[in-house]
Amino acid sequence: MGFFVRFWGVRGSIPTPGPRTRRYGGNTSCIEMRSDSTVLIFDAGTGLRELGVSLMRNPPKEGLDLHLFLSHPHWDHIQGFPFFGPAYLKNTTLTVYGSEKNENYQLLSGQMSNAYFPVAFKDLSARIVPKAFVDDEVQAGDFVVKRFEQKHPGGSAGFRVEHGGHACVYATDSELDLMLVDPHGPTKSPRTLRRLPSPLVLPMKNADLLIADAQYTDEEYPAKVGWGHARSNTVVDLAIQAGVKQLALTHHDPMQSDRDVDAKVLTASERARSIGAELEVFGAREGVTLRLDRG
Amino acid sequence: MASKRTQTIDEEVPQTMMNRLPASFKPRPRRAHQLDQTAGPGSPSKHELSADALIIGRGSAADLKVDSDDVSRTHAQLLRIDDEYTIEDLDSRNGVFLNGLQVHAAVLRDGDQLQLGDVVFTYNEGS
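Protein chains in written order, with the numbering used here: chain A, -8 to 286; chain B, 90 to 216.
Simulated from the structure, these hints should not be mistaken for laboratory data.
No experiment lies behind these values; they were computed from the predicted model shown.
Treat the hints with care, since some could be wrong.
[As the list claims (entries may be wrong)] Interface residues of chain A toward chain B, partial, derived using beta-carbon atoms under 8 angstroms:
| hint | residue |
| --- | --- |
| 1 | 14 |
| 2 | 103 |
| 3 | 104 |
| 4 | 108 |
| 5 | 110 |
| 6 | 139 |
| 7 | 142 |
| 8 | 278 |
| 9 | 282 |
Ideal placement from N, C-alpha and C gives every residue a C-beta, glycine not left out.
Generate coordinates for the entire structure from the input sequences, incorporating the hints supplied.
Below, the structure written as structure tokens:
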């Protein structure tokens, strides 16, 4: 059985190594979800490199069979791919999911043209296979993955991942505040629940865990409108409306130190409490694994 | 008399001074990673971590024994990878909590608080 979620990269926009970000981590977006027999990877930011190192420590004899989903092809979501060790192994099978045209696959390979990187995509030893969603749903090993559109410059996809009666939603790079039912609500009445439209709430409904872009605080957001990211308090309100059990704030802004992220999480937790929701809020942190099928 | 010049550890290495360390250089003694038990039976106590793998629990197979009924016989495992310790829940009854969040596993960082039943540890990174 088993439904494990591990954070390999939780930083937004650009890698941010160093002592200020040591606890939460400085690698860009990469999440691993696995069961006992299937490994799913969401986004190929720089966290993917270390996931690759980990996968290659004890690879199965028959080779690695991996499933890669990309929210969108902005740099911080694909940059780790050229350094993903398993892509260089002959007995790895890597399925890359996307739309029928699978632009993600094209753009993933495009970043390895020799103007940018010395190894060409076609020279990778792994068997790399594009696969399309059918009606926004796909079976990947023993998981069902459903895709939904989000609000982000150039577009982005969120994913609802189901396995054994449990659900995890990965929803990064989504500017929720541009989709509010009342766009002036947060200014008029900051403490009131910020309502989001039902089609946006539906994919998150009753998820065990929502991993959501919460790059900005309420104070930071006004200077970043249109950049494609959410503020943490609005994400809390989305999670409450969807009846989510746990909310992981991710895509931390590169300017945020560990202490800043702590403060962001504290404010978000207090908001959930003040609204009276039974929602556990925490900051996504590199190296942490959760088990969703426990208890 | 020839002028005295700075001695180096490796006089044989030619060229770049960057490769030479002053004779006075002594590597700082390493301080081991440590778990400080701050609550629960047996606290306060300090446990230096030197093994690559160890079990925390109340059973006889545990390397770090904790005498608490809230703690499973083999409750959690600490694994050292690249000089970082990772804690992993071994299907314990009461789980492993990292700074209040129940986790299956986590790479530990300085100051992390771990709770196993009624037992609380603070992880102190060595140097």
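Each hint tested on the structure:
{"no.": "1", "hint": "14", "verdict": "5 angstroms, holds"}
{"no.": "2", "hint": "103", "verdict": "27 angstroms, violated"}
{"no.": "3", "hint": "104", "verdict": "33 angstroms, violated"}
{"no.": "4", "hint": "108", "verdict": "26 angstroms, violated"}
{"no.": "5", "hint": "110", "verdict": "25 angstroms, violated"}
{"no.": "6", "hint": "139", "verdict": "27 angstroms, violated"}
{"no.": "7", "hint": "142", "verdict": "29 angstroms, violated"}
{"no.": "8", "hint": "278", "verdict": "3 angstroms, holds"}
{"no.": "9", "hint": "282", "verdict": "4 angstroms, holds"}
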